[in-house]
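Colleague: Sequence:
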Amino acid sequence: MKFEQRKKIEILIEAVKLDNVIYQLEEIGVPGYTVVGNISGKGANGVLDHNCKAKVFENTYIFTVCTAAQATKVLEYLDEVLHYFSGACFVSDVQVLNTTKHPK
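Sequential numbering from 1 applies to the sequence shown in this note's numbering.
Simulated from the structure, these hints should not be mistaken for lab results.
Glycine included, C-beta positions come from ideal geometry on N, C-alpha and C.
There's no promise every hint is true.
Pairwise CB distance ranges, derived in the manner of DEER restraints [said to hold, decoys possible]:
1. 2 <-> 63: 16 to 24 Å
2. 92 <-> 29: 17 to 25 Å
3. 2 <-> 75: 24 to 32 Å
4. 90 <-> 16: 17 to 25 Å
5. 16 <-> 97: 16 to 24 Å
6. 1 <-> 80: 38 to 46 Å
7. 35 <-> 75: 16 to 24 Å
8. 20 <-> 96: 25 to 33 Å
9. 79 <-> 36: 21 to 29 Å
10. 84 <-> 5: 27 to 35 Å
Here are the simulated lysine-lysine pairs, DSBU-like style, with alpha carbons at most 30 Å apart [claimed, not checked]:
11. 8 <-> 73
12. 2 <-> 73
13. 73 <-> 7
Sequences are here, hints too, so could you generate the full structure?
Modeller: Laid out in structure tokens, this is it:
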């Protein structure tokens with residue numbers, strides 16, 4: 001069994017920015033991503049209820065696993081976005097077993 005080092009990036013962002021974030025992930029060349037829409041929770045801006053009918057307040061969770069070089073590019077982009085839009089970003093070191101789905 002062989003594991004390879006990758007970065008896991010978790011993004012919480014306003015739903016209105018989802019298409020832009022996905023576009024950047026694809027431009028950077030990350031091998032894939034998962035999107036979970038209409039999330040609820042509590043953070044610096046208070047409680048966000050997923051039952052709110054106003055889509056303008058909806059938040060989205062995105063995660064991807066990519067190389068360190070790709071992660072650097074993603075984080076540079078997100079650093080700018082998060083100056084203007086609510087959200088958060090978390091980065092973790094992960095070990096990936098099936099590297100055919102997460103190429104170098």
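Colleague: All hints, please: hold or fail.
Modeller: Here is what the structure says about each hint:
no.: 1; hint: 2 <-> 63: 16 to 24 Å; verdict: holds (23 Å)
no.: 2; hint: 92 <-> 29: 17 to 25 Å; verdict: holds (20 Å)
no.: 3; hint: 2 <-> 75: 24 to 32 Å; verdict: holds (27 Å)
no.: 4; hint: 90 <-> 16: 17 to 25 Å; verdict: holds (21 Å)
no.: 5; hint: 16 <-> 97: 16 to 24 Å; verdict: violated (36 Å)
no.: 6; hint: 1 <-> 80: 38 to 46 Å; verdict: holds (39 Å)
no.: 7; hint: 35 <-> 75: 16 to 24 Å; verdict: holds (18 Å)
no.: 8; hint: 20 <-> 96: 25 to 33 Å; verdict: holds (27 Å)
no.: 9; hint: 79 <-> 36: 21 to 29 Å; verdict: holds (22 Å)
no.: 10; hint: 84 <-> 5: 27 to 35 Å; verdict: holds (32 Å)
no.: 11; hint: 8 <-> 73; verdict: holds (13 Å)
no.: 12; hint: 2 <-> 73; verdict: holds (26 Å)
no.: 13; hint: 73 <-> 7; verdict: holds (12 Å)
In summary, the one numbered hint that this structure violates is 5.
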